[in-house]
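Use the sequences and the hints to build the structure in full.
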Amino acid sequence: MILNLESTSARFLVSSSPIKSVLQPPKLVTSMVSPIKKSQSGGATSQAFPASMNEEQKLQRMVDDLTAQVACLKEQVQKQEKDNVRLNSNGMPWLLTSDKFFKEVLRHQAQQEAKVAAKEQRQQAQEKRSKEIVEWEEKEEAQKARNAMRKTE
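Heads up: take any position in the sequence shown, counting from 1, add 553, and you land on my numbering.
In case anyone wonders, no lab produced these hints; they're calculated from the structure. Where hints are given, some of them may not hold.
Simulated pairs of lysine-lysine, DSS-like, Cα-Cα distance not exceeding 27 Å [claimed, not checked]:
{"#": "1", "residue 1": "K653", "residue 2": "K632"}
{"#": "2", "residue 1": "K672", "residue 2": "K684"}
{"#": "3", "residue 1": "K668", "residue 2": "K653"}
{"#": "4", "residue 1": "K692", "residue 2": "K704"}
{"#": "5", "residue 1": "K681", "residue 2": "K697"}
{"#": "6", "residue 1": "K672", "residue 2": "K632"}
{"#": "7", "residue 1": "K627", "residue 2": "K668"}
Following this line, the structure appears as structure tokens:
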């Protein structure tokens, strides 16, 4: 098995001499993995980047993939910020007077206060919009009444 590693790109892991900190590991060549697209007839038509795709299209596809990843990460963060967050969520016991737990409690309290403040602000904005709509409807009715009076004259 070790002899097989010596003939691959992982040969730096197996050496008769110790690895020195001055030696750099080989560059890791990565490639984007994308599913094979199927045509309407059911056959595979293209790989991740077909040869006919120009650089701009390749970059656009990469941007789209990164945008999707960012959206997934935002969704995960929003799930973490929900109201029903448990401070001791990993099931392990904590020393309730430890600095780490105390900081978590303070962060949780600040988060709850911010949510309450945001909710109150939304309620006030909704009340203001409701009042404005009522005033607008009254003005609209008055305008319609004036227009009806002008038509009858």
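Against the structure, the hints come out as follows:
1. The suggested pairing of K653 with K632 holds, with an alpha-carbon distance near 22 Å, which does not exceed 27 Å.
2. For the given pair, K672 sits about 18 Å from K684 by alpha-carbon distance, which is consistent with the 27 Å threshold.
3. Of the supplied pair hints, the one linking K668 and K653 holds, its CA atoms being roughly 23 Å apart against a limit of 27 Å.
4. A C-alpha spacing of about 18 Å is found between K692 and K704, which places the hinted pair at or below 27 Å, so the restraint holds.
5. The straight-line distance between the Cα atoms of K681 and K697 is roughly 24 Å, inside the 27 Å bound, and the hint therefore holds.
6. Using a Cα cut-off of 27 Å, the hinted pair K672 and K632 holds, with the two alpha carbons roughly 18 Å apart.
7. Among the hinted pairs, K627 with K668 is consistent with the structure: their alpha-carbon atoms are about 18 Å apart, no more than 27 Å.
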